[in-house]
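Asker: The primary structure of each chain is shown beneath.
Protein chains: 2
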Amino acid sequence: MALQSFVEVHPDSHFPIQNLPYGVFRPGPSAEARPGVAIGDYVLDLSVVQSAGLFDGPIVGKSDCFLQPNLNKFLGMRRPAWKEARSTLQKLLSSTEPTLRDNASLREKALVPMNKVEMCLPMVIGDYSDFFSSMHHARNCGSIFRGPEDPIGANWFHLPIAYHGRASSIVISGTDLIRPKGQGHPIGNSPYFGPSRKLDFELEMAAIVGPGNELGKPVDVNEAADHIFGLVIMNDWSARDIQAWEYVPLGPFLGKSFGTTLSPWIVTLDALEPFACDAPKQDPPPLPYLAEKISQNYDISLEVGIKPAGHKNSCIVTRSNLKHLYWTLTQQLAHHTINGCNLRPGDLLGTGTISGPEPESLGCLLELTWNGQKPVSLDGTTRGFLEDGDEVTITGYCKGNGYKVGFGTCSGKILPSSP
Amino acid sequence: MALQSFVEVHPDSHFPIQNLPYGVFRPGPSAEARPGVAIGDYVLDLSVVQSAGLFDGPIVGKSDCFLQPNLNKFLGMRRPAWKEARSTLQKLLSSTEPTLRDNASLREKALVPMNKVEMCLPMVIGDYSDFFSSMHHARNCGSIFRGPEDPIGANWFHLPIAYHGRASSIVISGTDLIRPKGQGHPIGNSPYFGPSRKLDFELEMAAIVGPGNELGKPVDVNEAADHIFGLVIMNDWSARDIQAWEYVPLGPFLGKSFGTTLSPWIVTLDALEPFACDAPKQDPPPLPYLAEKISQNYDISLEVGIKPAGHKNSCIVTRSNLKHLYWTLTQQLAHHTINGCNLRPGDLLGTGTISGPEPESLGCLLELTWNGQKPVSLDGTTRGFLEDGDEVTITGYCKGNGYKVGFGTCSGKILPSSP
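Residue numbers (full-length UniProt numbering), protein chains in the order written: chain A, 1 to 419; chain B, 1 to 419.
The set of hints was computed from the structure by calculation and includes no laboratory data. Some hints could be false.
The list cannot tell twin chains apart, which means a pair is met if one copy fits it or any two copies do.
[Unchecked claim] No more than 25 Å apart at the CA atoms, straight line, and that leaves these computed lysine-lysine pairs for DSS-like: (1) K91 - K181; (2) K217 - K413; (3) K281 - K374; (4) K323 - K399; (5) K181 - K293; (6) K91 - K307.
Assemble the whole structure, with the sequences as input and the hints as a guide.
Answerer: See the structure below:
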């Protein structure tokens, strides 16, 4: 029988004792931010657990890593510390362990109802890089922007292409987004200027970097997994008209930098390990620095819903899966450092839009509507691109035997441009 | 007669009392980092000045902004605070003011010989963006990478193109750089892989952002100058072979992210104001959000020297000037925020390579040697691109009447790739 917690967890919950994802929360509006893990409908306050001396292992027991307003210190402590903390917490929350279960006053302090807390960004993000690792997405975007002949560039199959993203405008799920203004392709002599008319979501996941590397010291691809703490869901909002006009020759800039939304709970690689699956075969074979002894993705079901203003329900517009990635998370990280670039704890590596092979598994409206030409249906209305008032919600989970290891939701609503 | 300091300042010094650039330094290897200003051959320790209560103005007098290990707090305090601090310091250091001049023990504590200190990055850099604002550079790069017909894209004259850079690998002048490894264009079936064979410098300057802006709230171009604290010299090291192979379609990534060097002293816009000059006329006229009431550059002479290993002297390979920029610093900043992107105090906005119109004013080896085809002479040897052991030094200053307002040096030496 599967491990069970004394905290009641519904079988459909994303947060059973098998998951224990890390986040940062405020128990009340004026309270200080502190780390927690999700368990059922509760958040376990790790500052309370650490202050009570319940982390009794040799590494975390001597640290103040959970008495911080973010997870950066814990992220930098490496996998043995992460494993020790996970083991302590699984024991503490298990149905057979009395320490917390039978201590009403401690339980009262340590377990906060999830609907009472405000979630924060779980870490300070020094740098955010975004990859372009789905072959289906690369092929579709290439076809739309550059034509159907040879839609994927010659370099794409040799390296995980990426660009630097904007760290300052990364926000936590639930934050509203103002429709960006900007320039688009000229109509007549002068560029279009005004609110973006092609506002899109991008279904992505992102890896949170654990220990970093020194400048000048690349990370070996076979050790790269030890530099990844866990994953979140990410919506890399994109203004396609701004992007299309600005991106040659230096890449996307204002078409992306107005906002990027993260789901609040970091699901650890340890919790995801049971859902590892073989990555697609790579042809041509990667260069030696990208050749992995074990090349794996994770089987994470993902879906995106759009809820127009005034609608009661979100309408699912796509279903995809992380397993479709061509370049693995570890290849992305190793490639990022091969030139000596240093990563730091808390850095964010986005996967790029995760599109699957089927038309109903495409990861953004650009692809789903073929640049607005074939609008998608939404419960009585249609969308080419996002309209003001639309709320986009991404969710995802792994299906275990009788439980789910899930990510919760990553959502944001579009507000109109200011006049 | 020009304002004079009681600290002796050679007429060729970059740091007379008219300059007073801000930096962060350690007086000894184990000492804590603290802010300072440069005066002649000395650094004035601002933590000492603040602790002694000598900042007596209404804003800085009540702040602990100089009891910090970086300048971010001061940067966020806005122009009135900057003007007040400058006025206090110019008075304190002037030849006619006895407070510091005649207090030997305070002078001893506050004035540290510049050759004894270790300079640090002056601020925590949240995000680093790099523009592409020199028309001459854009034209030359376009000709080299995409051919001489139509070398500048249609978008270039309508918007200051930029990309997000890597913040983690920004280092202070004097830091050695390891030659990056990476992929280059295939020779036969497989991409080249190994140490970059086209390592280059890029002569740039960068603006340091003062107060930021809220996400969703663009900065008006006519108020943008109040968001810029000052300028530094920047060498945006570039691996041209890595860049050329990777940059389509998402822009430069590993070709740049292995290192970027900053000069240590931030010269304030207040110190540069006497050297403001008209920016080039823009045709077509910019869109209204980029149209400035006053469109100005600064007349800052810049030069780059290369000193090969074993050589005694640096050999000047180019002389340029900030005044050649097509897009002004304020247009860059306003454009950066027009989509609502938030800037934070300490963010860095690079100008892009500053090339002038003449062949001897080009800002990188890519242009100077036309992609390695016409090597430059270096005192008995030649260079297509940089070789191991080469030390590149950029310097720059404004010429006042009997004094210079200078930036000191921005230098770095290339170490071989690790095996």
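Asker: If a hint holds in the structure, say so; if it doesn't, say that too.
Answerer: Verification of the supplied hints:
| no. | hint | result |
| --- | --- | --- |
| 1 | K91 - K181 | neither (51 Å within a copy, 45 Å between copies) |
| 2 | K217 - K413 | between (41 Å within a copy, 17 Å between copies) |
| 3 | K281 - K374 | neither (32 Å within a copy, 44 Å between copies) |
| 4 | K323 - K399 | within (13 Å within a copy, 61 Å between copies) |
| 5 | K181 - K293 | between (46 Å within a copy, 22 Å between copies) |
| 6 | K91 - K307 | neither (40 Å within a copy, 62 Å between copies) |
Hints 1, 3, 6 from the earlier list are contradicted by this structure; the remaining hints agree with it.
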